[in-house]
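Protein chains in written order, with our numbering: chain A, 1 to 323; chain B, 1 to 323; chain C, 1 to 323; chain D, 1 to 323.
No lab work stands behind these hints: they were computed from the structure.
Honestly, I wouldn't trust all of these hints.
[As the list claims (entries may be wrong)] Partial chain B-side listing against chain A, Cβ under 10 Å, derived: (1) Gly-57; (2) Val-228; (3) Ala-235; (4) Asp-291.
[To be verified] Capping the alpha-carbon separation at 25 Å, the derived lysine-lysine pairs in DSS-like fashion look like this: (5) Lys-56(B) x Lys-29(B); (6) Lys-299(B) x Lys-314(D); (7) Lys-299(B) x Lys-320(B); (8) Lys-320(C) x Lys-314(A); (9) Lys-288(D) x Lys-183(C); (10) Lys-320(C) x Lys-288(A); (11) Lys-261(A) x Lys-261(B); (12) Lys-166(B) x Lys-162(C); (13) Lys-72(A) x Lys-72(C); (14) Lys-162(A) x Lys-166(D); (15) Lys-72(D) x Lys-320(B); (16) Lys-162(B) x Lys-56(B); (17) Lys-183(D) x Lys-288(D); (18) Lys-320(A) x Lys-288(C); (19) Lys-261(D) x Lys-261(C); (20) Lys-162(A) x Lys-169(D); (21) Lys-167(A) x Lys-169(D); (22) Lys-128(D) x Lys-162(D); (23) Lys-167(C) x Lys-128(C); (24) Lys-183(D) x Lys-288(C); (25) Lys-299(C) x Lys-299(A); (26) Lys-299(B) x Lys-166(D); (27) Lys-58(B) x Lys-20(B); (28) Lys-169(C) x Lys-166(B); (29) Lys-50(D) x Lys-20(D); (30) Lys-320(B) x Lys-314(D); (31) Lys-314(C) x Lys-299(A); (32) Lys-183(D) x Lys-128(D); (33) Lys-128(B) x Lys-162(C); (34) Lys-72(A) x Lys-320(C); (35) Lys-169(C) x Lys-169(B); (36) Lys-37(B) x Lys-320(D); (37) Lys-314(D) x Lys-72(D); (38) Lys-320(D) x Lys-314(B); (39) Lys-167(A) x Lys-167(D); (40) Lys-37(B) x Lys-72(B).
Quantities reported herein were computed from a predicted structural model and do not represent experimental measurements.
Where a beta carbon is used, it is the ideal one built from N, C-alpha and C, also for glycine.
Protein chains: 4
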Amino acid sequence: MSIRTDLAVEAREMYQKSNKGDVPGVYIKEYNEGECKITDVEILNEEGEKNLGKPKGKYITIDMPEFVFYDKDTMIVVSEVLGSVLSGMVSLEKSMTALVVGLGNWNVTPDALGPKVISQIMITRHLKQLIPDEIDENIRPVCGMSPGVLGITGIETSEIIKSIVKKIKPNLVICVDALASRKASRVNRTIQIGNTGISPGSGVGNKRMEISERTIGIPVIAVGVPTVVDAATLANDTIDLAIDQMIHQSNTGGEFYNMLKAINKDEKQKLINEILNPYLGDLMVTPKDVDLIIDNTSKIIANGINLALQPAMKLDEISKYLN
Amino acid sequence: MSIRTDLAVEAREMYQKSNKGDVPGVYIKEYNEGECKITDVEILNEEGEKNLGKPKGKYITIDMPEFVFYDKDTMIVVSEVLGSVLSGMVSLEKSMTALVVGLGNWNVTPDALGPKVISQIMITRHLKQLIPDEIDENIRPVCGMSPGVLGITGIETSEIIKSIVKKIKPNLVICVDALASRKASRVNRTIQIGNTGISPGSGVGNKRMEISERTIGIPVIAVGVPTVVDAATLANDTIDLAIDQMIHQSNTGGEFYNMLKAINKDEKQKLINEILNPYLGDLMVTPKDVDLIIDNTSKIIANGINLALQPAMKLDEISKYLN
Amino acid sequence: MSIRTDLAVEAREMYQKSNKGDVPGVYIKEYNEGECKITDVEILNEEGEKNLGKPKGKYITIDMPEFVFYDKDTMIVVSEVLGSVLSGMVSLEKSMTALVVGLGNWNVTPDALGPKVISQIMITRHLKQLIPDEIDENIRPVCGMSPGVLGITGIETSEIIKSIVKKIKPNLVICVDALASRKASRVNRTIQIGNTGISPGSGVGNKRMEISERTIGIPVIAVGVPTVVDAATLANDTIDLAIDQMIHQSNTGGEFYNMLKAINKDEKQKLINEILNPYLGDLMVTPKDVDLIIDNTSKIIANGINLALQPAMKLDEISKYLN
Amino acid sequence: MSIRTDLAVEAREMYQKSNKGDVPGVYIKEYNEGECKITDVEILNEEGEKNLGKPKGKYITIDMPEFVFYDKDTMIVVSEVLGSVLSGMVSLEKSMTALVVGLGNWNVTPDALGPKVISQIMITRHLKQLIPDEIDENIRPVCGMSPGVLGITGIETSEIIKSIVKKIKPNLVICVDALASRKASRVNRTIQIGNTGISPGSGVGNKRMEISERTIGIPVIAVGVPTVVDAATLANDTIDLAIDQMIHQSNTGGEFYNMLKAINKDEKQKLINEILNPYLGDLMVTPKDVDLIIDNTSKIIANGINLALQPAMKLDEISKYLN
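So here's chain A without its partners, still in its complex pose (with noise of 0.2 Å):
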């Protein structure tokens, strides 16, 4: 069975729909921090990763409230809750170097959340090398790059994050980019960061070259956002959802019932996938003002890692350093 997502909670979901019961392997917290609803994912081990599908390691996810966008107070709360979230998943001294990359494609609006994020970022390390009586020694030095995608650039986006790496050697890498979701509800308003690196390009269907303390020696955190679902995928839970609610309605024990009870999920989603793909093609699904979703993401995102970078300042004297 293979289990398709970018998001550990959605792999734990699928997992206990067909399974019930908990996940071997991997232990599950819930919590609450101000109006986010936080889940912490470890998987434990090999069994764990089998499971869900994706490497031992923590997964937090953080599910921001409705109508957050709307509420510049609220973007500040969930802004520091990711900056307190990431301060917990490394520990830096504060001399120690950070490069933040933003991967994706900034001339497609829902995968530009990286470059956007990193254009928010405070950036100090050429300060603290030129001018560092200038700069507070509490400012830890941190760059940042948007390395664009093989399409744009012909270059592997692992081999350019390697080759700067190894050039600048930096303590920590935090890679933010935009991910898929297997649920419209979940787009825009889940926030996942893991500790087990990525692998650029992974989220269009082909595994590229790994980024992470495995392959590179220094911790690689991944903040990712879900800001699209796959039309396909959308096709596929309408027409599940369809049928749970006619198995719902028909008589148990009837033909009917038997039938559908009877379809193969898996059949199904071949067969969806053969009818769809040539009529669904390169179709995503987005919400209409996407364009300000992404703005604002990107805003909480960059808030909440110069938090996590700075903790000697505030959000107000970071924002000075901004533009």
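Given the coordinates of chain A, work out where chains B, C and D should sit on it, guided by the hints.
Using the frame of chain A, we list chains B, C and D on its own:
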């Protein structure tokens, strides 16, 4: 039975699906022009109006060839076809003034088609007024505007258009708008040209004040391109496809077959809306490269309108006036 | 002697430079509000009109503190000062409608101030009309528009404004526009609020139709910010500075001193224009970070107008209505 | 005497103004190609280096015809001239890889030329690697990147370029950058192609690490276009013009004449800088339609580079690969 689509060709397909045979009160002609397929739908009388749910008049649809956006020569061909269709819709003396109106919200990429077209229309009315001696007498006076949408301005779009028309007294209005299609395969691939006017805002479910020859006394040509599929429409159509497929695969006359056949399409849609609305909310379905496609579609439309309004000029002469 | 500047404070400075002492027919008051310096210039009669080259009425100038764009708190203070200046200019009952007009060309960054402000105005007129019961009765109906410029639309801006005013009958018009300053130091640092109306297009040398209480029968408030210096103005002022410096350094009474003193400023300017025009053509002088500065200036102006038009609301409540 | 300009032709003009006659150590050739004027400046030895303040090597300048941006055919001609100049600069076998680098800050319109060019380069390296059988063998592998500027990334641009070059081992680097000119008349009208490499950041006064054949072992071609005049440069040149004019108009041998002649140009510039710096601060001088012009210049440059790198293809074939 209510048919809800912006496109006359879709209304016709939907009619024919339920009723087989020709549509009474409607004249249809199909032919090819270059690589474009053209469909003339003429609603002749009240019966035709009722059958297709649209006012009496002409609706011409241009189906653009696949990959049109990747080939500048093909884009020019489509502009020329559009120019010739527009020229056939209305006859104006060369000194008569045209007002081109770009409907839609410039902040929402797939709704920004109209405003993008306006930015590429050859605007000459002020030159004819201010420096008439320097402008060739064969150049028609053309003006243009993008009135925005109600949510942005607080003013009904038709109020704005009507007050401008009253003030500057053009002889023709051409309105450009982004439409919704029922079929993903038609998104950004079809141009509809109609002579029955427009009702701005109707695309999102509200019937606002009509702009048409009947209400403002001069011809009103509407040029529309479907740029999105509504997510609920997509879901509904997907389930129909799936049911049809299941019917096809089950034994004729069996209980399952009969139950599937018995599914009431209206009830089904109501059910789907109930299930999906909280889930699909404000989602839209667009191509992944929607920014590029809207840019290129707007070039095709603007060039077609420029060619129709300036019959004395060629595209390369027109392009020197632009910017 | 012709004084050519959009700013009343500059006209006054130029008058005083040539004539010493107070300006007859003009009342001036200077004071501070928070970190802002405010200058009230009231032109009282025809003599004042002639002396400053501007129509009778009030011109209030707010000089923003340095580095305002790098500090959100200071931006809010300036918005509040602007809100209070605007409130003092006109008294409206709470049910009266305001139309906010953003003048200028959205394609030219320093001229896009007006349209950018409109996108951040709290638009409510349609809500008051469509869903009056859901809208607090203390909320004023406000609508907004960006009519573009003549070269883009082919329609005189004042024709558009007048026809909309006639149609929707607001009780007040507020126009926002980018101005030209004679001094680089004033660019993006000064806000001028006037109650004598506007003449769109006059900023680029043409006097088009006036929009003022005199011509449309309702109060017209103009809010302007200088966003560019004309390159020829800059060159002329530079040479003046240099000549002054040379006079300062040469011996009083010597031949060089006398010759410098004898330079006729008008002839000099004419000479400079002759020399420089082919050379400076269509150049403008802007700050290097003009995009950021126009963005932030538009926020300050929009918030100030929102506060003045919605006296029952605070900025954070207003911001929830926006987007 | 220090000559400070990015353009070899300006350095030459400045040398000739002070020294009359040819520049020792420098070979110059001028000719026309289509409507373009081409100037080859070859610095032959150390004497030439000292005289022009630039390293030994070739600098070819293309002066574009006036109104080039308003005529697509002329734009294509300039692209072809640029393509042929580039082809003459370096000889590569068809299988050799080129890396095109777009220098500059994408947030500052006149500095965004490089990044805009990259978005229009035909990128093929990944196709040659991933699907070699589907790509014509005559197509050269090309990759591209826009590394940003130090203030945005916190990383020296040359560090980024060097680490990428080390990783992907191209056979040629082409860098595209926006330059500053001393003359307003040359802004956006001149393309300079040089084979002596670049020092990113030098345009703003800092000499950072050099990227050249000497430092990275492969040919480095620099393509630059002046897109701004520094406001202080403009002011200084204006005063020079004015002084020359005054000299011209005063009586030869008179005291004023002698004093003007006696003005020390270096002291004058120092004086001007002292007077003007607080006043001109971070100003730049650009054309009013800078956005349009940078867009069109980037098209010309990208097409020229595409033609040079893909000698087996024509422009219309190349354009199908783009987007």
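Status of each hint after checking the structure:
no.: 1; hint: Gly-57; result: violated (30 Å)
no.: 2; hint: Val-228; result: holds (9 Å)
no.: 3; hint: Ala-235; result: holds (4 Å)
no.: 4; hint: Asp-291; result: holds (6 Å)
no.: 5; hint: Lys-56(B) x Lys-29(B); result: holds (16 Å)
no.: 6; hint: Lys-299(B) x Lys-314(D); result: holds (23 Å)
no.: 7; hint: Lys-299(B) x Lys-320(B); result: holds (14 Å)
no.: 8; hint: Lys-320(C) x Lys-314(A); result: holds (24 Å)
no.: 9; hint: Lys-288(D) x Lys-183(C); result: holds (18 Å)
no.: 10; hint: Lys-320(C) x Lys-288(A); result: holds (18 Å)
no.: 11; hint: Lys-261(A) x Lys-261(B); result: holds (19 Å)
no.: 12; hint: Lys-166(B) x Lys-162(C); result: holds (11 Å)
no.: 13; hint: Lys-72(A) x Lys-72(C); result: holds (13 Å)
no.: 14; hint: Lys-162(A) x Lys-166(D); result: holds (11 Å)
no.: 15; hint: Lys-72(D) x Lys-320(B); result: holds (8 Å)
no.: 16; hint: Lys-162(B) x Lys-56(B); result: holds (22 Å)
no.: 17; hint: Lys-183(D) x Lys-288(D); result: holds (16 Å)
no.: 18; hint: Lys-320(A) x Lys-288(C); result: holds (18 Å)
no.: 19; hint: Lys-261(D) x Lys-261(C); result: holds (19 Å)
no.: 20; hint: Lys-162(A) x Lys-169(D); result: holds (15 Å)
no.: 21; hint: Lys-167(A) x Lys-169(D); result: holds (15 Å)
no.: 22; hint: Lys-128(D) x Lys-162(D); result: holds (23 Å)
no.: 23; hint: Lys-167(C) x Lys-128(C); result: holds (17 Å)
no.: 24; hint: Lys-183(D) x Lys-288(C); result: holds (18 Å)
no.: 25; hint: Lys-299(C) x Lys-299(A); result: holds (17 Å)
no.: 26; hint: Lys-299(B) x Lys-166(D); result: violated (42 Å)
no.: 27; hint: Lys-58(B) x Lys-20(B); result: holds (22 Å)
no.: 28; hint: Lys-169(C) x Lys-166(B); result: holds (16 Å)
no.: 29; hint: Lys-50(D) x Lys-20(D); result: holds (16 Å)
no.: 30; hint: Lys-320(B) x Lys-314(D); result: holds (24 Å)
no.: 31; hint: Lys-314(C) x Lys-299(A); result: holds (23 Å)
no.: 32; hint: Lys-183(D) x Lys-128(D); result: violated (44 Å)
no.: 33; hint: Lys-128(B) x Lys-162(C); result: holds (22 Å)
no.: 34; hint: Lys-72(A) x Lys-320(C); result: holds (8 Å)
no.: 35; hint: Lys-169(C) x Lys-169(B); result: holds (21 Å)
no.: 36; hint: Lys-37(B) x Lys-320(D); result: holds (23 Å)
no.: 37; hint: Lys-314(D) x Lys-72(D); result: holds (16 Å)
no.: 38; hint: Lys-320(D) x Lys-314(B); result: holds (24 Å)
no.: 39; hint: Lys-167(A) x Lys-167(D); result: holds (11 Å)
no.: 40; hint: Lys-37(B) x Lys-72(B); result: holds (18 Å)
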